[in-house]
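Student: So you can see what is in the structure, the chains are spelled out below.
Number of protein chains: 2
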Amino acid sequence: MKLGAIEGGGTKFVVGVGNEHGEVFDRVSFPTTSPEETMQKCIDYFKEHEVEAIGFGCFGPIDPDRNSKTYGYVTTTPKSGWAQSNVVGALTDAFPDMPIGFDTDVNGACLGEVYFGAAKGLKNAVYYTIGTGIGGGAYVEGHLLHGLLHPEMGHMKLIVREDDSYKGKCPYHGTCFEGLAAGPAIEERWGQSAKELPLDHPAWDLEAYYIGQALANIVLTLSPQKIILGGGVMHQSHLFPMISKYMNQFLNGYIQKDELQAEDYIVWPELGDNAGLCGSLALALQAKKECE
Amino acid sequence: MKLGAIEGGGTKFVVGVGNEHGEVFDRVSFPTTSPEETMQKCIDYFKEHEVEAIGFGCFGPIDPDRNSKTYGYVTTTPKSGWAQSNVVGALTDAFPDMPIGFDTDVNGACLGEVYFGAAKGLKNAVYYTIGTGIGGGAYVEGHLLHGLLHPEMGHMKLIVREDDSYKGKCPYHGTCFEGLAAGPAIEERWGQSAKELPLDHPAWDLEAYYIGQALANIVLTLSPQKIILGGGVMHQSHLFPMISKYMNQFLNGYIQKDELQAEDYIVWPELGDNAGLCGSLALALQAKKECE
Numbered sequence: 001m002k003l004g005a006i007e008g009g010g011t012k013f014v015v016g017v018g019n020e021h022g023e024v025f026d027r028v029s030f031p032t033t034s035p036e037e038t039m040q041k042c043i044d045y046f047k048e049h050e051v052e053a054i055g056f057g058c059f060g061p062i063d064p065d066r067n068s069k070t071y072g073y074v075t076t077t078p079k080s081g082w083a084q085s086n087v088v089g090a091l092t093d094a095f096p097d098m099p100i101g102f103d104t105d106v107n108g109a110c111l112g113e114v115y116f117g118a119a120k121g122l123k124n125a126v127y128y129t130i131g132t133g134i135g136g137g138a139y140v141e142g143h144l145l146h147g148l149l150h151p152e153m154g155h156m157k158l159i160v161r162e163d164d165s166y167k168g169k170c171p172y173h174g175t176c177f178e179g180l181a182a183g184p185a186i187e188e189r190w191g192q193s194a195k196e197l198p199l200d201h202p203a204w205d206l207e208a209y210y211i212g213q214a215l216a217n218i219v220l221t222l223s224p225q226k227i228i229l230g231g232g233v234m235h236q237s238h239l240f241p242m243i244s245k246y247m248n249q250f251l252n253g254y255i256q257k258d259e260l261q262a263e264d265y266i267v268w269p270e271l272g273d274n275a276g277l278c279g280s281l282a283l284a285l286q287a288k289k290e291c292e
Numbered sequence: 293m294k295l296g297a298i299e300g301g302g303t304k305f306v307v308g309v310g311n312e313h314g315e316v317f318d319r320v321s322f323p324t325t326s327p328e329e330t331m332q333k334c335i336d337y338f339k340e341h342e343v344e345a346i347g348f349g350c351f352g353p354i355d356p357d358r359n360s361k362t363y364g365y366v367t368t369t370p371k372s373g374w375a376q377s378n379v380v381g382a383l384t385d386a387f388p389d390m391p392i393g394f395d396t397d398v399n400g401a402c403l404g405e406v407y408f409g410a411a412k413g414l415k416n417a418v419y420y421t422i423g424t425g426i427g428g429g430a431y432v433e434g435h436l437l438h439g440l441l442h443p444e445m446g447h448m449k450l451i452v453r454e455d456d457s458y459k460g461k462c463p464y465h466g467t468c469f470e471g472l473a474a475g476p477a478i479e480e481r482w483g484q485s486a487k488e489l490p491l492d493h494p495a496w497d498l499e500a501y502y503i504g505q506a507l508a509n510i511v512l513t514l515s516p517q518k519i520i521l522g523g524g525v526m527h528q529s530h531l532f533p534m535i536s537k538y539m540n541q542f543l544n545g546y547i548q549k550d551e552l553q554a555e556d557y558i559v560w561p562e563l564g565d566n567a568g569l570c571g572s573l574a575l576a577l578q579a580k581k582e583c584e
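Residue numbers (my numbering), protein chains in the order written: chain A, 1 to 292; chain B, 293 to 584.
Possibly wrong hints are sitting among the right ones.
[Stated by the list, open to error] With a cut-off of at most 27 Å between alpha-carbon atoms, the simulated DSS-like pairs for lysine-lysine come out as follows:
1. K123(A) to K361(B)
2. K412(B) to K123(A)
3. K257(A) to K289(A)
4. K415(B) to K120(A)
5. K581(B) to K245(A)
6. K459(B) to K167(A)
7. K537(B) to K289(A)
8. K120(A) to K79(A)
9. K412(B) to K167(A)
10. K537(B) to K257(A)
11. K415(B) to K549(B)
12. K415(B) to K123(A)
13. K69(A) to K412(B)
14. K69(A) to K549(B)
15. K120(A) to K361(B)
16. K549(B) to K79(A)
17. K195(A) to K2(A)
18. K415(B) to K289(A)
[To be verified] To give an idea of the chain B side of the interface with chain A (calculated C-beta under 10 Å), a few residues:
19. N311
20. H313
21. V316
22. P353
23. M448
24. K449
25. V452
26. A508
[To be verified] Coverage of chain A stretches by chain B, computed from C-beta distances (three or more under 8 Å per stretch; other residues unrestricted):
27. 137–148
28. 156–169
29. 223–236
Derived from the structure by calculation, the hints contain no laboratory data.
Each residue gets a CB set at the ideal place from its N, CA and C atoms; glycine is no exception.
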């Protein structure tokens, strides 16, 4: 089965062709310009590469509700020209009968890990990306979570550690998870980017404290069977055991499930930095199945 | 259709008979003693009152996973005699062919509101009870959320307001949501029970601050279409607009959905103090449907 994938980011788009096993055969990327021009490039690509369905994981906020009037729109983004743009509409105009799966980039990545990666076969998983921002997607009882909108779990309020006087980077919430722990917060707090900080720098213990705290709240609310952490900051693999330690300290034994202490409860995406494009393949596969 | 309901609490059990519209025809309650004696009383009741399915919303933690070896157990409760007790097993021994729906009391109450009450027809809703403890259930994309265990969203970590020096009541987490805002925390902090505090007491503004903060995190993670707040503390109806104000302050306009500001986004259970028993009727109805 040939499936199309669009990984729509705020700075670049990646389009590709793969199959129902999450294998990618071809990929092209280009900068995100206007929605018209950018979507036209996607359309041109899929006119050259015939596919049976297209999955589109997109930066947000978006409207993923098929029953909504603004289904398929990027909605309230500050990105110039993109607010209220009907990106799925551009695709369906060009390919009227094509099954199209549309969701947030992080919901897509989460589904990719469920179909092809670290969460294969599970009914409940959470995917976080921790990089220039923090976003999260959730697969709950066999379904991607949308609800009123879609999760925005990077903006959960966290308690600030006593020894941290940093005021937070989020323009909306100051010291929310993203405001405390995304890449730009690390760089502003320590005067060095995450990549430059040595392994024994105190930044990492503080980073693990915030990520662990956020994950404790995630366990208490979404109760995932596995948590997948991707994104630039998580290339620091030494963070994983530290995050697990803090998550369990915050939970303090209240949830008595051995899984929470297991090494494979909090993991790097099995699809690695392909998580985004494979996630969109998963969205395509899901859309194809729903049409059958 | 005659359906049986068991509302299993730590201090009392209520059993009753109702129908698929959430109407209750008969109810009896008795104190929670040993699991053997208590479950026998439930069995005796349903030998007298014939039903087509039984729903059982139970205090927890429990194991609601039908594929687990300990499905139907109350698991790690500190309640004497109840840890690792196979409460559903007692029912299925007595009624081998009876469809039985078993879940947390709060998941049951949530399903009751979805089937019969304030969240009728919605695919995503959260139910919190705020009383002697704080517990929450969630209905997500048309399914009750279990995941690794089940939500324990009363124990989410919250930031303590600057003017609040109270150390928190939760033996596990100190100043988690329950530790800061459940009935016993209110009583210990102010030296008066919630019932005795006058409407203009500063306790209520602080209480709304904590509940609003917790609900902001819930919107960011579970993205419910409606939030239902039951339990003893929520009999204080003046709290609802104050909670909405604080929730929206914490979100600070980040989630642009008009619903969040609507009066009917955060509501009292439509089933009122019947929410528990009607929730168990809903669990019975769901179990009956699953068997068909």
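Student: Take the hints in turn and mark each one as holding or not.
Tutor: Status of each hint after checking the structure:
no.: 1; hint: K123(A) to K361(B); verdict: holds, 18 Å
no.: 2; hint: K412(B) to K123(A); verdict: holds, 25 Å
no.: 3; hint: K257(A) to K289(A); verdict: violated, 34 Å
no.: 4; hint: K415(B) to K120(A); verdict: holds, 25 Å
no.: 5; hint: K581(B) to K245(A); verdict: violated, 43 Å
no.: 6; hint: K459(B) to K167(A); verdict: holds, 24 Å
no.: 7; hint: K537(B) to K289(A); verdict: violated, 42 Å
no.: 8; hint: K120(A) to K79(A); verdict: violated, 34 Å
no.: 9; hint: K412(B) to K167(A); verdict: violated, 42 Å
no.: 10; hint: K537(B) to K257(A); verdict: violated, 36 Å
no.: 11; hint: K415(B) to K549(B); verdict: holds, 17 Å
no.: 12; hint: K415(B) to K123(A); verdict: holds, 17 Å
no.: 13; hint: K69(A) to K412(B); verdict: holds, 22 Å
no.: 14; hint: K69(A) to K549(B); verdict: holds, 14 Å
no.: 15; hint: K120(A) to K361(B); verdict: holds, 22 Å
no.: 16; hint: K549(B) to K79(A); verdict: holds, 19 Å
no.: 17; hint: K195(A) to K2(A); verdict: violated, 37 Å
no.: 18; hint: K415(B) to K289(A); verdict: holds, 21 Å
no.: 19; hint: N311; verdict: violated, 27 Å
no.: 20; hint: H313; verdict: violated, 26 Å
no.: 21; hint: V316; verdict: violated, 28 Å
no.: 22; hint: P353; verdict: holds, 7 Å
no.: 23; hint: M448; verdict: holds, 5 Å
no.: 24; hint: K449; verdict: holds, 6 Å
no.: 25; hint: V452; verdict: holds, 8 Å
no.: 26; hint: A508; verdict: holds, 7 Å
no.: 27; hint: 137–148; verdict: holds (count 10)
no.: 28; hint: 156–169; verdict: holds (count 5)
no.: 29; hint: 223–236; verdict: holds (count 3)
Of the numbered hints listed earlier, those contradicted by the structure are 3, 5, 7, 8, 9, 10, 17, 19, 20 and 21.
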